[in-house]
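Asks: The lines below spell out each chain.
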Amino acid sequence: MKCEDAGNKLMAYMDRRANPAERNEVDEHLAGCAACRTRLAEFREIWNVLDEVPAVEPSFGFDARVRQRVAAQPQPRRWFGWLGIEPRLAFAAVLLIALTVWVAKMPTSNPGTTATAVAIQQEDFNAIKDLGVLENFDVLTKFDSLSVASASAAPQQEKSQPDEPTAND
Amino acid sequence: MARTDVQVMLDVKAGDDASFDFLLQKYRSPLVNFLNRMVRDSATAEDLAQEVFLRVYRARKQYTPSAKFTTWLFRIATNVALNSVRDTRHQKMEVSLDAPMDDGDLAPRELPAREMRIDEHMVERARTEIIRRAIWSLPEKQRAAVLLHKYEEMDYIEIGKILDCSEGALKSLLFRAYETLRVQLSPLVSQSAAHRAGEGRPS
Ligand SMILES: [Zn+2]
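Sequence lines, in order, name chains S and V. Just so it is clear: in the first sequence, position 112 is 112 by this note's numbering, and no numbers are missing. For this note's numbering, add 169 to where a residue sits in the second sequence, where the first one is 1.
Careful, some of the hints might be misleading.
Claimed, not checked - Cβ-Cβ distance ranges computed for the label pairs, FRET-style:
1. E293(V) with Q68(S): 32 to 38 Å
2. A35(S) with S359(V): 37 to 43 Å
3. A34(S) with D256(V): 43 to 49 Å
4. A104(S) with P234(V): 52 to 58 Å
5. D256(V) with A35(S): 19 to 25 Å
6. D190(V) with I97(S): 41 to 47 Å
7. D185(V) with R37(S): 37 to 43 Å
These are calculated hints, taken from the structure and not from any lab test. Where is the CB? At the ideal position from N, CA and C, for every residue including glycine.
Next comes chain V alone, as it looks inside the complex (with noise of 0.2 Å):
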């Protein structure tokens, strides 16, 4: 009979250490990513990462099992990523290449000028970095909202238990974050359509 997770973490209260290990090695990657696409930088994220499961291990002996276990530990690695990202907003100021993008003009900026050999890696890559500039460039809670939504597939009660907000304001919330990423992100929409046919893929 497999333990929930909640049941893993109150194994881990209790003092057993291989618990501690297995939350480890169920949360690193999804927790490394979403740190990740919420901080600019992965050396960062990996540090915040180990921070969360420092901070999970020092409050194993306070761990009430009052919410899904994911709900407490993304609220921690939210809460991480928050106070990482408003002690570094001055340091992104002074670096005007990792300025967050304020409008929906992307490609120039991406893509060289001068004429040269663009290969199919470098245009996906430039892609990439124009899909992580957009969601950088959202306010916090709203990145925080569009990756828990997006890419932890988490619904509207647990982002909302994560971020403190009604299941109200949680929709308009991810409205206004996916609005904004629609416009930034319109020049790469027929790029993508493109993309995907010339793959042989259905549409």
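Just chain S, with the same shape it has in the complex (with noise of 0.2 Å):
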């Protein structure tokens, strides 16, 4: 072995990390070439020197820095951000979309619909008139004021029902 091929392998020598072949070829070179265990003897004493530089802490606020830089990474962007528009204008924009489609399927002239709808007034009207009650116009009045009198108390009897529990939340 040459002293350069030996020197290649001084340094997995010295720190041990070299196979045990490597060892015994370096080994058998130095046994007959004093120039190299000079070298090695150099080598282990820089390895000690190399010792001295002392280690260092990360500052104080180190940690609290890394966190900040990694809040202030943009967030995953959403289809929106995608397309390049901005939230806000994005739900604007939808908005009208929605409000364009709801006013053009409004039913402004829907006769199958509307002769339902007069039907089953009709048919209420006929049940209505069969009832006994509705010959007495005073009782048919009274009636009329009591139902309305219970349907405004109805409100209130729900709000009176604190305990009712919020499942939503």
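Make one complex out of these two single chains by using the hints.
Replies: Below you can see the structure in the form of structure tokens.
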């Protein structure tokens, strides 16, 4: 083995990362080469000298600064972000489209639906007309006022149930 | 059962911020020290270490465990350091004191010429500074190789992956680096032996 080859293996030899075969090779060379023995001794000294550089500790605010920089990262972009539109603008656009569709579908002239509604109203009227109570107008008006009173009382009843669990929370 | 760092990183990928914190705690010191020895000033080293963690976070979604976690981490760190060194190289030229030394003539520049009392602490600080400068004076790739080899205690295969070179190329890179250091730091070696003998430590 030449000194140059031995030199390249000297580091691994010194730091004990060389495999046994490599170690044997270097051992053989060292046995017959004073120059490389000296070099090895000097490498060992340098190895020790390098240990004198003290380790440093990260400064006090290091972690906080990292977290801050991580938090400042843009979040994964949503589809409107991908389109390059601002969220509020996208929302306004969607709202406008929905409104347009809704207005277009308004039942301005829909004879089918209107006829059905009229028929149902007629049926209800016939049912009421058949009731004996309706023959007395006084009872009818009183009944109406009663129903109004009970209807206006109903929301208060609902309000007086504070123990109802708010499941949506 | 302890998770490997690769598993921890996969948890980061899955959105677990606590795992990112774990890696931050574990590797902040090694990274700050590595970068502190790679670049010249400690504020820059800290900034670059934060940059490394930021890059780890940014790359989390693309992370695939193809190597040891430390290989991946120190590849990022080495790239960040080399970019920074290249960016600031011109600034170095402006400050003569900071210029890398190109010969073994170290002591006269470090120690004051006029007579004064030099206590142990000052000697130690001067020695540390000489060693730092000798490391900084190495070409960047050699410097990174020495730091990963000497201080991070990585094996040749891992360092080779980090620096993109074969095991053979790395060994000769390291040999050249340690040869340079051997010449530059030879004035410290005899002092080192005396220093340790004085402290009663085995040599
Ligand atoms: Zn030899």
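Asks: Would you mind marking each hint as holding or not holding in the structure?
Replies: Checked hints:
Evaluation of the 32 to 38 Å hint for E293(V) and Q68(S) yields a pass: the beta carbon distance comes to about 36 Å. About 19 Å separates the C-beta atoms of A35(S) and S359(V), a value inconsistent with the hinted range of 37 to 43 Å. At about 46 Å, the beta-carbon gap between A34(S) and D256(V) stays in the expected band of 43 to 49 Å. For A104(S) and P234(V), the Cβ-Cβ distance of about 55 Å falls inside the hinted range of 52 to 58 Å, so the restraint holds.
Distance hint for D256(V) and A35(S): a CB-CB separation of about 42 Å, inconsistent with the stated range 19 to 25 Å. For the pair D190(V) and I97(S), the beta carbons lie near 44 Å from each other, so the given range of 41 to 47 Å is met. For the pair D185(V) and R37(S), the supplied restraint of 37 to 43 Å is violated, since their beta-carbon distance comes to about 54 Å.
Checked against the numbered hints given earlier, this structure breaks hints 2, 5 and 7; the rest are met.
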